[in-house]
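*Asks:* Chain residues, written in single-letter form:
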Amino acid sequence: EAQVTQNPRYLITVTGKKLTVTCSQNMNHEYMSWYRQDPGLGLRQIYYSMNVEVTDKGDVPEGYKVSRKEKRNFPLILESPSPNQTSLYFCASRGQGLMEAFFGQGTRLTVV
Amino acid sequence: EDKVVQSPLSLVVHEGDTVTLNCSYEVTNFRSLLWYKQEKKAPTFLFMLTSSGIEKKSGRLSSILDKKELFSILNITATQTGDSAVYLCAPISSGSARQLTFGSGTQLTVLP
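Heads up: the sequence lines are chains C and P, in that order.
For the first sequence, counting from 1, position 31 maps to 31 in the numbering used here; every step adds exactly one.
For the second sequence, counting from 1, position 86 maps to 1086 in the numbering used here; every step adds exactly one.
Hints are computed from structural coordinates only; laboratory data are not their basis.
It cannot be assumed that every hint is accurate.
No more than 30 Å apart at the CA atoms, straight line, and that leaves these computed lysine-lysine pairs for DSS-like [claimed, not checked]:
no. : chain 1 : residue 1 : chain 2 : residue 2
1   : P       : K1041     : C       : K17
2   : C       : K65       : P       : K1057
3   : C       : K57       : C       : K18
4   : C       : K18       : C       : K65
5   : P       : K1068     : C       : K71
6   : C       : K71       : P       : K1067
7   : C       : K18       : P       : K1040
8   : C       : K17       : P       : K1003
9   : C       : K57       : P       : K1003
10  : P       : K1068     : P       : K1040
11  : C       : K18       : P       : K1067
12  : C       : K69       : C       : K18
13  : P       : K1041     : C       : K65
14  : C       : K57       : P       : K1040
15  : P       : K1041     : C       : K71
16  : P       : K1057     : C       : K57
17  : C       : K18       : C       : K71
18  : P       : K1067     : C       : K65
19  : C       : K57       : P       : K1067
20  : P       : K1041     : C       : K69
21  : P       : K1057     : P       : K1041
22  : P       : K1040     : C       : K65
23  : P       : K1057     : P       : K1067
24  : C       : K17       : P       : K1057
Take a look, some chain P residues computed to stay more than 10 Å from chain C by CB distance [to be verified]:
no. : residue
25  : S1007
26  : V1012
27  : D1017
28  : E1026
29  : T1028
30  : K1041
31  : M1048
32  : I1054
33  : G1059
34  : D1066
35  : E1069
36  : L1070
37  : N1075
38  : Q1080
39  : S1084
40  : T1109
Beta carbons: idealized from backbone N, C-alpha and C, even for Gly.
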């Protein structure tokens, strides 16, 4: 089954404790992105990747890192999380061409 | 800078009503526009519109794209409580690895 898998689904952590949210897709998609969703602000892009070893900043990259060592994986790293990073995070992937984006199930992160 | 504006932000109707959701956009090298439905989970794909005209998803949902005036509308007729969700639009730019720029969405609530 074609899917984008994020883990964990829920995470509560403390300020400053490094964390990683994993994202994996099994569709051999070139493009992958991370979004955060906050009330009234819609989906805002954090980072995106065109392919392996090619990543770039989206609209709200501060406080986040990503890597794309393999085509299927695109982890989101918070080196020193802060409470303003409390949000709902989505990973998405899309193939080349005019194709829809597929979303992961979401990760609800709370930083206290 | 790419810009996507959806209106209204929120809409409350009764079952059986017809609703029209609006999406206006300004993106460079526009190629297509996607509509998504988001309930309390990840967005799910509804439509992809590439050419000006009408694209129907089902008997009750339809969408129009106007590439000249840079907007799209999503129509839902004979609404049902299961239509309650946030509806998101996202234009895609060609040659842009940033992929999708989402609007803030329209929260639709359908009352019985």
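*Asks:* Against each hint, give a clear statement of whether it holds in the structure.
*Replies:* Right, here's what the structure says about each hint:
no., hint, in the structure
1, P/K1041 <-> C/K17, "holds, 26 Å"
2, C/K65 <-> P/K1057, "violated, 38 Å"
3, C/K57 <-> C/K18, "holds, 20 Å"
4, C/K18 <-> C/K65, "holds, 11 Å"
5, P/K1068 <-> C/K71, "violated, 37 Å"
6, C/K71 <-> P/K1067, "violated, 34 Å"
7, C/K18 <-> P/K1040, "holds, 27 Å"
8, C/K17 <-> P/K1003, "violated, 35 Å"
9, C/K57 <-> P/K1003, "holds, 17 Å"
10, P/K1068 <-> P/K1040, "violated, 34 Å"
11, C/K18 <-> P/K1067, "violated, 45 Å"
12, C/K69 <-> C/K18, "holds, 20 Å"
13, P/K1041 <-> C/K65, "holds, 24 Å"
14, C/K57 <-> P/K1040, "holds, 27 Å"
15, P/K1041 <-> C/K71, "holds, 25 Å"
16, P/K1057 <-> C/K57, "violated, 34 Å"
17, C/K18 <-> C/K71, "holds, 24 Å"
18, P/K1067 <-> C/K65, "violated, 36 Å"
19, C/K57 <-> P/K1067, "holds, 28 Å"
20, P/K1041 <-> C/K69, "holds, 28 Å"
21, P/K1057 <-> P/K1041, "holds, 21 Å"
22, P/K1040 <-> C/K65, "holds, 27 Å"
23, P/K1057 <-> P/K1067, "holds, 19 Å"
24, C/K17 <-> P/K1057, "violated, 45 Å"
25, S1007, "holds, 13 Å"
26, V1012, "holds, 17 Å"
27, D1017, "holds, 24 Å"
28, E1026, "holds, 15 Å"
29, T1028, "holds, 15 Å"
30, K1041, "violated, 7 Å"
31, M1048, "violated, 6 Å"
32, I1054, "holds, 18 Å"
33, G1059, "holds, 21 Å"
34, D1066, "holds, 18 Å"
35, E1069, "holds, 21 Å"
36, L1070, "holds, 18 Å"
37, N1075, "holds, 20 Å"
38, Q1080, "holds, 23 Å"
39, S1084, "holds, 17 Å"
40, T1109, "holds, 15 Å"
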